[in-house]
Amino acid sequence: MNNDKNVPVFVKINDYKEILDIVDVMKQKLKETKVSLEHVKALKQQEDQEIGDWEKNIAEIAKRLSYIDSAFFENE
Amino acid sequence: MAKKTINQEIPEEDTPYFVSIKAPIDLRRQMLESSKKSIHCLQNHQRILLIREKKKREMAELNDSIKELIFLNKKFNEKLPKYKHELLRDPKTITKETQEAVKPIEHRPPKVARPKPMREKTELEKLEDSLSSIEGKLKTLNTQ
Numbered sequence: 029m030n031n032d033k034n035v036p037v038f039v040k041i042n043d044y045k046e047i048l049d050i051v052d053v054m055k056q057k058l059k060e061t062k063v064s065l066e067h068v069k070a071l072k073q074q075e076d077q078e079i080g081d082w083e084k085n086i087a088e089i090a091k092r093l094s095y096i097d098s099a100f101f102e103n104e
Numbered sequence: 049m050a051k052k053t054i055n056q057e058i059p060e061e062d063t064p065y066f067v068s069i070k071a072p073i074d075l076r077r078q079m080l081e082s083s084k085k086s087i088h089c090l091q092n093h094q095r096i097l098l099i100r101e102k103k104k105r106e107m108a109e110l111n112d113s114i115k116e117l118i119f120l121n122k123k124f125n126e127k128l129p130k131y132k133h134e135l136l137r138d139p140k141t142i143t144k145e146t147q148e149a150v151k152p153i154e155h156r157p158p159k160v161a162r163p164k165p166m167r168e169k170t171e172l173e174k175l176e177d178s179l180s181s182i183e184g185k186l187k188t189l190n191t192q
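Chains A and B supply the protein sequences, listed in that same order.
Going by this note's numbering, 98 is the number at position 70 of the first sequence; the sequence numbering is gapless.
Going by this note's numbering, 132 is the number at position 84 of the second sequence; the sequence numbering is gapless.
Excised from the complex, chain A in its bound form (with noise of 0.2 Å):
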């Protein structure tokens, strides 16, 4: 035991087995993860996408009514 970091652990066969089952269940739940990761990250995106069309929209709506106001009111 010189090298205390590389102390070897012995674990049992039935706990092994638990083990790597585990780990399997573990990578497929991390695959999940990522998948419903990527797919909140699309909708994020979309939401961006969206909310910056409803900024532009806005603006839009503000000039031409600046106008119409204009064109009503210029007799006063």
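It is worth saying that the hints were derived from the structure and are not from the lab.
There are no misleading hints in this set.
List time: in silico DSSO-like cross-link candidates among lysine-lysine, alpha-carbon distance up to 27 Å: (1) LYS55/A / LYS45/A; (2) LYS70/B / LYS91/A; (3) LYS72/A / LYS62/A; (4) LYS115/B / LYS102/B; (5) LYS57/A / LYS69/A; (6) LYS103/B / LYS62/A; (7) LYS127/B / LYS55/A; (8) LYS85/B / LYS72/A; (9) LYS69/A / LYS84/A; (10) LYS55/A / LYS174/B; (11) LYS123/B / LYS45/A; (12) LYS85/B / LYS91/A; (13) LYS55/A / LYS69/A; (14) LYS102/B / LYS57/A; (15) LYS45/A / LYS62/A; (16) LYS85/B / LYS84/A; (17) LYS84/A / LYS84/B; (18) LYS57/A / LYS174/B; (19) LYS69/A / LYS59/A; (20) LYS130/B / LYS57/A; (21) LYS127/B / LYS57/A; (22) LYS104/B / LYS115/B; (23) LYS187/B / LYS130/B; (24) LYS62/A / LYS123/B; (25) LYS91/A / LYS84/B; (26) LYS72/A / LYS103/B; (27) LYS59/A / LYS123/B; (28) LYS174/B / LYS69/A; (29) LYS45/A / LYS122/B.
Keep in mind that this is a model prediction, so the values were computed, not measured.
Fit chain B to the given chain A structure using the hints.
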């Protein structure tokens, strides 16, 4: 009931008042365009609501997956044999440095008991605790 005569005098207040609008077609176009844009805004809003609903569902799924991962990780740690590194180490290999690192922990003055807050810990605080516990374990591994 007496019928109103055509020649009845129109009061001064009811006389119609007209204002001239220059370029009426253009104005009409502008109004229609702004109506169109308003509808686009409403469409944007509806689409955002749908996206948020989808995002909420995805976030819930993600949250569940992460919770399951935490649970599996806990189970995984439970399956590993429990041992103290110090016990497995050759006493000769324990350096002065590590002994010093251990000593102050043993001779720490007793902490003054502070009244614990009664409120339950939030999910974020619980996660923070788990994280600091893991960091502590990692630190002890690194010092060896």
